[in-house]
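Asker: Sequence:
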Amino acid sequence: MNAVRRHLGNTLVQAFLVVIGLVWLTPLAGLFVSSLRTAQDTANGGWWTVFTSPAQLSFDNYSALLGNAGITQAFFNTVLISVPATGLVVVLAALAGYAFAWLDFPGREAIFLVVVALLVVPVQIGLLPVAKLFGQLGLFGTIPGVVLFHVAYGLPFAVFLLRNYFAEMPKEMLEAARMDGGSEWRIFTRLVLPVGRPAIASLAIFQFLWVWNDMLVALLFADSASQPLTVALQSQIRQFGSNIDVLAPGAFVSLVVPVVVFFAFQRHFVQGVMAGSVK
Numbered sequence: 001m002n003a004v005r006r007h008l009g010n011t012l013v014q015a016f017l018v019v020i021g022l023v024w025l026t027p028l029a030g031l032f033v034s035s036l037r038t039a040q041d042t043a044n045g046g047w048w049t050v051f052t053s054p055a056q057l058s059f060d061n062y063s064a065l066l067g068n069a070g071i072t073q074a075f076f077n078t079v080l081i082s083v084p085a086t087g088l089v090v091v092l093a094a095l096a097g098y099a100f101a102w103l104d105f106p107g108r109e110a111i112f113l114v115v116v117a118l119l120v121v122p123v124q125i126g127l128l129p130v131a132k133l134f135g136q137l138g139l140f141g142t143i144p145g146v147v148l149f150h151v152a153y154g155l156p157f158a159v160f161l162l163r164n165y166f167a168e169m170p171k172e173m174l175e176a177a178r179m180d181g182g183s184e185w186r187i188f189t190r191l192v193l194p195v196g197r198p199a200i201a202s203l204a205i206f207q208f209l210w211v212w213n214d215m216l217v218a219l220l221f222a223d224s225a226s227q228p229l230t231v232a233l234q235s236q237i238r239q240f241g242s243n244i245d246v247l248a249p250g251a252f253v254s255l256v257v258p259v260v261v262f263f264a265f266q267r268h269f270v271q272g273v274m275a276g277s278v279k
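The numbering of the sequence shown is the UniProt record's numbering, which starts it at 1 and goes up by one.
Think of the hints as simulated: they come from the structure by calculation, not from any bench.
We treat Cβ as the ideally placed atom computed from N, Cα and C, and that holds for glycine.
A couple of the hints might just be wrong.
Taking CB as the label site, the calculated pair distances span [said to hold, decoys possible]:
1) THR11 <-> SER183: 51 to 57 Å
2) ASP223 <-> MET173: 46 to 52 Å
3) GLU109 <-> ALA225: 43 to 49 Å
4) VAL123 <-> ALA15: 36 to 42 Å
5) ALA117 <-> THR52: 56 to 62 Å
6) SER58 <-> LEU92: 22 to 28 Å
7) VAL13 <-> LEU133: 51 to 57 Å
8) VAL23 <-> ALA225: 18 to 24 Å
9) ALA131 <-> SER53: 47 to 53 Å
10) GLY30 <-> SER235: 19 to 25 Å
11) ALA43 <-> GLY138: 43 to 49 Å
12) SER58 <-> LEU25: 20 to 26 Å
13) MET173 <-> GLY46: 54 to 60 Å
14) PHE51 <-> THR189: 32 to 38 Å
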């Protein structure tokens, strides 16, 4: 009887998770179907009408998207912003996290408290001062300027996360490596980084998703030549409200890339979120 109850309970849980997954994927499916329909078909009915009229589906919208120089350039700009902003945050945070966790240097605790305090500083507070600074440095309206802003505001959380993760590693493991003649750099690259891979992967996913989906920072710091996809789509809505044949496929491309990245690294993401026990 207990076995039947457990089996029934597992079945109900699995069915519930399937329903949640379908509900979560429905907007994505609807957007994809809409991206394959013409503007006239979209105006005449919802995307679910394709089940009765599959002839509506066509890849002409994606051909139009590839022919839109502004949208395609914005996509490449998004890649040029997201990849460096993610890579720099991960590398710098890993180095700083190891230093705060295992290296003794003057003012270590005080500096780390400053890093933690920066976590509560809203992004909006720094927009105007940093914009003025970037204008003086010639970085305003450029891709490097957007990247630097994302790196600066992503580092406090990244350092805090990796420092706490690295600090959970057994002290004896690092001391044994030092006794064997390992330098700090060798210990960091050959021991700490492999063990900390789940947390690093989780951080990379968080940072990439935040930068890829950002519009506030890019709206202020990027000009028309360096604007990412989010800003380009927003300007299309403002200028051409009925231009659904470009907006729908562009929005789907903008949405599907983070989804693919998440599912590609979901195993590391779950390990990083669940991390906390002694390695």
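Asker: The structure should be examined with respect to each hint, and the outcome stated for every one.
Answerer: A quick look at each hint next to the structure:
The hint said 51 to 57 Å for the Cβ distance between THR11 and SER183, and at roughly 55 Å that hint holds. Our hint of 46 to 52 Å for ASP223 and MET173 holds, since their Cβ atoms are close to 49 Å apart. The hinted window of 43 to 49 Å between GLU109 and ALA225 holds, with their beta carbons roughly 44 Å apart. Between VAL123 and ALA15 the CB atoms are about 41 Å apart, so this pair conforms to the stated range of 36 to 42 Å.
At about 58 Å, the beta-carbon gap between ALA117 and THR52 stays in the expected band of 56 to 62 Å. Here the CB-CB span from SER58 to LEU92 is close to 46 Å, at odds with the stated 22 to 28 Å. Judged by the Cβ atoms, the range 51 to 57 Å given for VAL13 and LEU133 holds: they are separated by roughly 52 Å. The hinted range of 18 to 24 Å is not satisfied by VAL23 and ALA225, whose Cβ atoms lie roughly 40 Å apart.
In this structure the hint that ALA131 and SER53 lie 47 to 53 Å apart at CB holds, the actual value being about 50 Å. For GLY30 and SER235, the hinted distance range of 19 to 25 Å is satisfied, since their beta carbons lie about 23 Å from each other. The hint said 43 to 49 Å for the Cβ distance between ALA43 and GLY138, and at roughly 46 Å that hint holds. A beta carbon spacing of about 22 Å between SER58 and LEU25 agrees with the range 20 to 26 Å that was offered as a hint.
For the pair MET173 and GLY46, the beta carbons lie near 58 Å from each other, so the given range of 54 to 60 Å is met. For PHE51 and THR189, the hinted distance range of 32 to 38 Å is not satisfied, since their beta carbons lie about 54 Å from each other.
Of the numbered hints stated above, those contradicted by the structure are hints 6, 8 and 14, listed in ascending order.
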